[in-house]
Amino acid sequence: MSNSMNDTTRTATAPVPNNPNPIAKQDAMIEIDDVSFSYDHGQTNVLRNISFDIPAGKVTALIGPSGCGKSTLLRCLNRMNDLVDTSKVTNGQIRIMGQDINASDVDPIELRKQVGMVFQKYNPFPKSIYDNVAYGLRIQGIKNKPKLDEAVERSLRRAALWGEVKDRLGSSALGLSGGQQQRLCIARTIAVSPRIVLMDEPCSALDPIATARIEELIAELREEFTIVIVTHNMQQATRVSDRTAFFYIGELIEYDSTAKIFSNPSVKQTEEYITGRFG
Amino acid sequence: MNPFQSSSNARKSKDAFGSIVLAALTYIILGCTLFIFYDIAKKGLPVLMPVFSEKGGEVLNTDFLTRMPETLVEFTDAEGVKQSLPSSDFIEYTKANPDAVVENKKTNAYSGGGIKGPLVGTALLVLVCMVVALVIGIAAAVYLNEYAKQGRFVGMIRLAIMNLAGVPSIVFGLFGFAFFCLFPLIPVFETGLGTDLPKVAIPMFGGHLIFKSLGNSLLAGGLTLAVMVLPVIIAACEESLKAVPKGFREASLALGATKWQCIRTAVLPYATPGILTASVLGVTRVAGETAPIMFTAAVALKGKLPWDSPSDNGIFWMPDFLTDSVQAMPYHIYTVAARIPRTDATAAMQDGSVFVFLLMVMAFASVSIYLRIHFRKKLKW
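One line per chain: the protein sequences are A and B, in this order. Numbers given in the numbering used here equal positions in the first sequence, counted from 1, plus 286. Numbers given in the numbering used here equal positions in the second sequence, counted from 1, plus 16.
For the record, the hints were derived by calculation from the structure and aren't laboratory data. Built from N, CA and C at the ideal position, the CB exists for glycine as well. One or more of the hints may lead you astray.
[As the list claims (entries may be wrong)] Mimicking SDA-like on lysine to any residue, the simulated pairs with C-alpha atoms at most 20 Å apart in a straight line are:
#1 B:K59 with B:G73
#2 A:K413 with B:T288
#3 A:K413 with B:A259
#4 B:K394 with A:P412
#5 A:K344 with A:L492
#6 A:K431 with B:T281
#7 B:K59 with B:A32
[Unchecked claim] To be clear about the criterion: a stretch of chain B counts as covered by chain A if any three or more of its residues have a C-beta under 8 Å from a C-beta of chain A, and this derived list gives those stretches:
#8 228–240
#9 256–264
#10 267–273
Excised from the complex, chain B in its bound form (with noise of 0.2 Å):
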């Protein structure tokens, strides 16, 4: 006789039943997932690459990725054929054949051209976030972690640092409206005021100094979206720091650094790793808010891109494309998607913008994961 046979066959069914459960939870997620992406890939690839339509086309459609958006014509030639043609080109065509006849002609707003303008003002935006972000977030972890005392006051800040991670982001696009965009933040001196005196005016050499808020600006979204994934960089930045093993500092400290020289040469280029693969996970992140950059930074449509003659904004030490405001991916998306009817002719512009984005923030996730790779392998101690 077996004197290992199973005692009770009602555990062992149990013990199945739980594990297929599990499994099934399991399963049902990555199903969902995978299907979004599927659906998501079977409308959207076809405008990115009309190669993989059903009528054929060139490999890549370059005009949706390298033209602004803009007004979407649809009419009905001479021939009875329907037509759709982005405003620009619809002025044109009308040039070119001026006796050509029209009819049925019907607009649908944003969804002609391509989807250039909030591509470069989604980088833009990422790119003022994330230096913004870093600077302020590799400080703030090296001084928590290495030149803080640990006590109750530093507990109280990474408590905050950490409730600060919770809070929604349209409350981080509100705060950054009330204060990046209207608050008056930017000194400027000026002079020739007269008596047309904002509130604050410090009188100086024969002029005033004032302060100007930013109003709707790539500068104000930036700097909100680096408010927002703060408590995220610090945390990954203190993490990657805590994991940089005790013996390096001992060593280098032993060796007669100073603190600054054993922080700069024997802590940090060990935790770089750690905080590049964070800030890229960040960027996934910041680029995908709609929230905070709604009231901040962008526009439903703009004919041109931030650095095409931007609007003076008065400051002398600021590029003036850092005042303007942007148009960006994911506000895109809520336009195309909420403002605007699904037609045939529509369904391009609402679909392709989609997967481009999604196409986006991947490549960025696919960054972070080979980074963590590469460094894994690289740096072992």
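Just chain A, same shape as in the assembly (with noise of 0.2 Å):
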């Protein structure tokens, strides 16, 4: 807690340069201070002392060109990175609701229980449909077979796929469309009521069809969840999100409302970015 507080006076008497307008700390879900990252014992660092407050229940884009560390960064929040060895975060915290993610008391399971991922590639398991969403909660040794079914169905309505699939929940999930399986993992997802569903271009396998569908859905969840969504695509970054924060080998370069990133950046580089000059 007092750990808390010596943040917030640091945050209010000298605010980070990138970051002008900080979300006052009681909102922040998530945040970064100065982390920096490696994949090789920490011989070179792919993120460099980032720092910014990811607010709750909004949507935050990280945008940025191949190789700039947002996905890398998405994957430190629910320590998905530990499933490589070698990688560690060298300098700097991540605090979800104030507890710092990488301490030693932290149990990993138990973070990604409460910090949700939806991947790029849409991944659901070779299984019915039924068993896909039901997946995290059998897992957490739910069995009872009423609860189940409800959590079922409220994921598949929240992630509008109830309608197409009611009838077919124990045929596979292969059989659906892309677009259908991406939202079907959405549903695995928030079937297990996380706080924060991180999102790793979701949309990036997807026809434009299914990604319009994707975004809306994304626009109703944001009322219940904090999402983190990486995007190469900077239509839909303005589409969804309410903060973007641009990112260039491995540093954060600019992060404020996507209003502003897209309309009046305050770095030029952000600028040639979004206007297309390079990236």
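Starting from the two chains in their separate frames, assemble the complex, guided by the hints.
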């Protein structure tokens, strides 16, 4: 607690230069504080001294050219990078709901129950639609059939998929179209009731119509979840996000409201990127 | 004029020649294989199914499959007809006809009766082997592929496993003989040993914990075969695990699964088809091995099946038949091929055994192919 007090005073007195209108601390769901990250035991940092706060109940877009570290940062937020043996956060802290998520007493399993993730390539299990959505609850040990039924229906409704699949919950998820499979993955993610949903280019493998449906879905889900979305598509960032962070070669260049970033960016690099002059 | 006309006839004929040579070599191999199969079938099929023999007969020679191997007795009866009977039948014959004339009596070891003993023995050896090899193999593959940090040490383990696959089977046989048959591996608690103690005897609870070796036994043979097939199983399991898309693991972990939950629910189910296919192929190989079992498990002749009154092994927690020796198809074939002369009377056992064994191995291979096709259709991602 004292930790977050300190932070409040620090941010209030000396705002980070790239972060001209910091979010009031009580609204920040995720606080990223001077984070550096390395995939090779700390020899080279792919993220360097990133600091910004992600507000609760909003959609935050991470944009930037390929290799800029935005996906890496996203994977730091639910510690999916733990899967890479040689990776490590070399500097700074990531706090979610005030807790340093890399602290030794943090169980990544518990963290991931709160911080769900939707992947670039839709990846439903080769099981039935029902079993896919129920997966997260089942591994938590929930076996109660009515409870699972209820959660599956609620999640599928929430993911705007219920109407399309309610008559074939028992059939294979792989029989769905790409867009439906991705919405199924979203349903699977929200079935475990996370606080935060991370989306790693969720539409990059989808056609424009399927993309539009996912974007609508994101707009609906923002009230319930804090959403962080990595996207290559700048129109998508303007359509779905409230705030946008622009990254370039491992550094946070600019972070502001989406409207400001896309209409009147304060950094020249941002402007060049969003107008398509590079990246 | 044709602008695409060939500029060099020499190049063209060289090309044609090359493809003919390659095709010819391929067809030579195919021809050899087909000839071997044909020859075995031609000689062996009439033994198993006499209806196909020149003399004709019943559709299936059930005796050949359901009788134990025994000595074959050849003789000439009173009418001067040549007969050959398995020894037990011969004894009954002489009992039934006490004054029958038996002339020119001649016995041939191993060549009478049927091959029930070797068939059952091979099935049991394969069963023991595959249970052991699959448990250890899957565990090792899961550890190497999912848990172990990929580094020099794991690389060395992989290299060692690969080398193990290249070790000649006779070496495995001798290893199995030394380690499983002779080395005292099995802890047994015994009381009342008196002063006649083995080298290692740990006194406890008023008795002694001693160690027994397995001797020439089904278990020793199965374990030896398991060691031999382990590298194949581990490699195949690792391949199957690697073929499971990374997305499944990520999705599972991102939903809050523990590592083991992830492996159990999102990796192993989708690796099973590959593991299954590989293990059936492993069975094919194990079933045909002679060298590893000839020192460790197999005997040439045995009057009974393993579970028919096996000798007491003195190990209360281990079924007696596991420590009893068995007959096995490959060793039986070796015996009838190498230790008895080929005559009209013995040829049936020789050809029939080989034919049935070939069918058995082909059946396993077919199962493997079927499984592969079946799962490929069913599991796609």
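Okay, the hints, checked on the actual structure:
1. B:K59 with B:G73: holds, 15 Å
2. A:K413 with B:T288: holds, 15 Å
3. A:K413 with B:A259: holds, 17 Å
4. B:K394 with A:P412: holds, 10 Å
5. A:K344 with A:L492: violated, 24 Å
6. A:K431 with B:T281: Holds, at about 19 Å.
7. B:K59 with B:A32: Answer violated: K59 of chain B to A32 of chain B is near 40 Å, above 20 Å.
8. 228–240: Our answer is that it is violated, as 0 residues pass the Cβ test (under 8 Å) against chain A, missing three.
9. 256–264: holds (count 3)
10. 267–273: holds (count 7)
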